[in-house]
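Chemist: Two chains, two separate frames, one set of hints: put the complex together.
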Amino acid sequence: MALFKFLMYNKVNDVMSVIEIKNLTKHFGSVNVVDDVSFAVEQGEIFGFLGPNGAGKTTTIRCMMDFIRPTAGQVMILGKDSLNDTEELKKEIGYLAGSVRAYDNWTGQQHINFALSLNGKKNIASNLATRLQFNPKVKTKNLSSGNRQKLGVILAFMFEPKVAILDEPTNALDPLMQNIIYDIIREQTYKGATVFMSSHNLAEVERVCSRVGIIRQGKMVAVESMESLKEKQMHRVKVVFAGKYDKGEFLTLGGSEVVMASPEELILNVRGEIASILRVLSAHRMKNLEIGRASLEDIFMEYYER
Amino acid sequence: MKDDIKAIFWQTIKNRKKFIIVYAIIGVTLLWMYLAMFPAIAEKSDDFNKLLESYPESFTAILGVEEINFSTVENFIALEHMSIMWPIMVVLLLLGLAGPAIAGEIEKGTIELILSRPVSRVAVFAGRYLAATVALVVFILFSIFMVFPLAALHGIEISAMNHFKVSFMGLFFGLSVLSLGMLFSVIFSEKSKVYFTTGGIVGLMYIFSVASNLSENVAALKYFSFFYYFDGVQVMTKSQLNGLSVLVFLFFILLSSAFAAYHFNKRDIAV
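Protein sequence lines correspond, in order, to chains B and E. Okay, so the first sequence: first residue is 1 according to my numbering, each after it adds one. Okay, so the second sequence: first residue is 1 according to my numbering, each after it adds one.
Hints are not guaranteed to be accurate.
Pairwise CB distance ranges, derived in the manner of DEER restraints [as the list claims (entries may be wrong)]:
(1) B/R271 - E/K14: 45 to 53 angstroms
(2) B/E231 - E/F259: 50 to 58 angstroms
(3) E/Q240 - B/N105: 38 to 46 angstroms
(4) B/D183 - E/V22: 45 to 53 angstroms
The calculated DSBU-like cross-link candidates involving lysine-lysine, where the alpha carbons are at most 30 angstroms apart (straight line), are [what the hints assert, rightly or not]:
(5) B/K137 - E/K108
(6) E/K6 - B/K162
(7) B/K121 - E/K2
(8) B/K230 - B/K162
(9) B/K122 - E/K108
(10) B/K91 - B/K141
(11) B/K121 - B/K80
(12) B/K91 - B/K191
(13) B/K219 - E/K266
(14) B/K91 - E/K193
(15) B/K139 - B/K122
(16) E/K6 - B/K141
(17) B/K141 - E/K14
(18) B/K137 - E/K6
(19) E/K17 - E/K6
(20) E/K165 - E/K266
(21) B/K22 - B/K230
(22) B/K219 - B/K22
(23) E/K266 - B/K139
(24) B/K139 - E/K6
(25) E/K266 - B/K121
(26) E/K108 - B/K141
(27) E/K14 - B/K91
(28) E/K108 - E/K238
(29) E/K18 - E/K2
These are calculated hints, taken from the structure and not from any lab test. For every residue, glycine included, the Cβ atom is placed at its ideal position computed from N, Cα and C.
Okay, chain E solo, but in the shape it has when bound (with noise of 0.2 angstroms):
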């Protein structure tokens, strides 16, 4: 790595380490919680799968489901936390970090402390992309990986490969969401701006994926949505791994830094 991507990627880390320190604790307790949970739940599991069932079509369309059961902790895990609030909270980790990332600076002005220095502007657009994509991969392992452990604790079987898959599916839908948000921080200059706008796509992009699932008339949107490429249920449920889904998250996250970077290189910084 260039010394100048290096500095910038430790200054983004120091500058972040509570923050990320905090979201990795609340993904790695949520997880907890949740096994803790599942051992009660699955003794009850008929009964609960009963209930399930009762419930109407369109609420397993809203979770994005095909079924309801909780005979397996993956399929816990999934309709509690990858349905909706692990996703939710990525969104969320990865705002907060693409949203002061070159928007926040020019905002506050300190982005000319970085610029008046020998470093480059695609170097520092770097060193902030791989700072929170390092992030990203911290709060993978806490809330995803500690699974291992923490199943072992309980005394609960795991099937190992949902869990790397999910992974894997939730690397690449994080980093088109950042991708996204280091897009329109390179393009604002208030980062309020930024958390509006990514939020705003983002948020759309969920109508979008729950729309499609209840009406065919608006299936079409889903292949606007991460959501419907992430489809962390169904990996999680299934092992089901969607090789068109990992190539268009390539596609945007490659397009869209490549034209973020481009255009923080052309741009005026006035601050």
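Chain B with its partners taken away, still in its complex shape (with noise of 0.2 angstroms):
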């Protein structure tokens, strides 16, 4: 019967969602903290999902991993029911929480045996450990936020999951071990597996994933590749006048929006194409003209101020 499902599944969607979530609704008593939230996550893609504190992303994560009931809604992840299969679910699904909780007492080889016990496939933990220069001979207790950090990594990536669910998986780790958690998501993609990474971590996103999800206020309210969501044309125009100006000038542009405004000096963000502003500032004397690509945080800043 899975079989049968898994192979109907495959053949009504041309590309497999890996992860699948139809309106998914939860509410904590009269607060609606995940608010019909959809997507899809392909195959092999690393999907960011961001947002600031509160927006909601834990909670779809929670949903996602079975350890909260949504009020409303269906996730589906492998074509597999996160409810109703979760057991069965979780043999595919490395799970990395936002933040990383162990058992005091035990070093990270009891954690990572104890996985063993609980899941009894091969395994690449030794690997990951050497890699990210985690002792797991250590009790948790003595160990720093960074440190258990990596070990959460290597519980959530120590079966090569076909599914990894990721809660900030940098939090607390410097740059360069960034970077080696980087490198590892990468590959496990190469290998076939999907990974979706909450964060607001811009740079972050920017740098590692191939699709965001931009949640607000429990609402999904944009899903874009990077490439589009860069794309979104955003550039700051600064100009210092040789001369005086009248900044309604600006203002009357549709897509322009201004940032900082002195007697000489104008400061604007402008949508869309930059050839109307062009036109007006060339009848102006300039001293200096500088025109920028918006950065992803002006970008995302625009979705939450919608």
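Modeler: Dropping the structure here:
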């Protein structure tokens, strides 16, 4: 029956969505934490799940992991229902919590052994420990937060899962270690894994992810590829005028927003084409003109200001 | 046993082994102390019996005994050990295991380590329950069954059946306390709430048991007390085993455990 469901799933969906979230809603009492969230993640993707604290990222992840049960909606992973097939699914999922919790009196190796006793498969834990420079003989109560995070990464990837669900994977890690984690994530996707990672580190998402979903106050406000997100064509224009200018000229231009205006200097954010703003500027004498691409953070903030 | 239950069971035993060993040592030490004292008490039993007979009736009622005498080791152990000390130790042992079993894991966040693996919540519950049951059996073996070698060591004659029967009732009493503790462990997300609630209810049950012995007006309260159904003193001294008590315990254990497993399977685990 499971095989039939799997085959039918692949037949209906030409490109298999490894993770498919449909109208996911979660209320805690009267508080609506996740509200009608839908998106899909394709095989081999590294999908970034962006949003500030309290946006609903961790609640969504906990629903995916069947730690909490949705008020409405459905989470399908590898064609299986995360609620009804949770035990079966977790053989294929590697999970990293936002804040790695461990048994204080156990060593890292004891955590690894415990995972082995439940998964019972060949694993790459020792290889990961070497790469992450993690000593598995130390009791976790004596580990720094960074080393706890390394243990969490080892536990998430030790069975080379088909799906990795990572909540803030580089928490508490230095830039060198972050690079190693990015390499591990990429390597796993080359081997066919699909990675879903939450983050509020935009540089990290820009660097690692192929697509992002942006969540705001429990609602999914956008799902975009990294390219299209960057192609939002937002520019920052900084002008130093040689004489007086009228700020009102620039306010009437569609898609532009004044960030700072002084008697001689003007800074604008320009959405879309910048040809019209250049036409207006060409009528003025300028001491200096700088045009730069807006950062991903600026683009991200656009979604939050909507 | 399913592999996942076995893994959870051994994880719990490894985590709690020091706690279980300490309890077993305390249990056997107390028993040894009573047995070592008994020959001297037995020599003076007539004097003690006269002294005890002069105690007010309410005193014997509080202890749940109809008559007090130290003529046999069973009477002595029943009065000194089974009337209150042993049940309290069982309650503390099982509270110490039920509190951290689920609520403690949620409080610390380590439940995510377990539930992110291919293991069902029912298996987690069953593994934890089974480990606590084994701890209870170990405690019973050390605190009651060790009477056989220790009595032989001190040359004391014992009535084996009384000890078997009190162990049997002790197991049901303990499993009832454990089931109550596990029920609150799956309801709450902090182990202190489990200790407070379960301990409070068991304490209230003890008050019900004593009050029902003291006054006919509140005699019906005894039916709400595990201590009434356990009745370790009567079982130890008279070898009387009440079938209805076993049924009541069994009913409570099955009902509360089934509800606890069901609730744990349904609830949100937000650490």
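Chemist: Decide, hint by hint, whether the structure agrees.
Modeler: Each hint, compared with the structure:
no.	hint	result
1	B/R271 - E/K14: 45 to 53 angstroms	violated (60 angstroms)
2	B/E231 - E/F259: 50 to 58 angstroms	holds (56 angstroms)
3	E/Q240 - B/N105: 38 to 46 angstroms	holds (45 angstroms)
4	B/D183 - E/V22: 45 to 53 angstroms	holds (47 angstroms)
5	B/K137 - E/K108	holds (22 angstroms)
6	E/K6 - B/K162	holds (26 angstroms)
7	B/K121 - E/K2	holds (17 angstroms)
8	B/K230 - B/K162	holds (29 angstroms)
9	B/K122 - E/K108	holds (29 angstroms)
10	B/K91 - B/K141	holds (28 angstroms)
11	B/K121 - B/K80	holds (21 angstroms)
12	B/K91 - B/K191	holds (17 angstroms)
13	B/K219 - E/K266	holds (25 angstroms)
14	B/K91 - E/K193	violated (34 angstroms)
15	B/K139 - B/K122	holds (24 angstroms)
16	E/K6 - B/K141	holds (26 angstroms)
17	B/K141 - E/K14	holds (17 angstroms)
18	B/K137 - E/K6	holds (24 angstroms)
19	E/K17 - E/K6	holds (16 angstroms)
20	E/K165 - E/K266	violated (38 angstroms)
21	B/K22 - B/K230	holds (27 angstroms)
22	B/K219 - B/K22	holds (13 angstroms)
23	E/K266 - B/K139	violated (33 angstroms)
24	B/K139 - E/K6	holds (24 angstroms)
25	E/K266 - B/K121	holds (29 angstroms)
26	E/K108 - B/K141	holds (13 angstroms)
27	E/K14 - B/K91	holds (24 angstroms)
28	E/K108 - E/K238	violated (47 angstroms)
29	E/K18 - E/K2	holds (26 angstroms)
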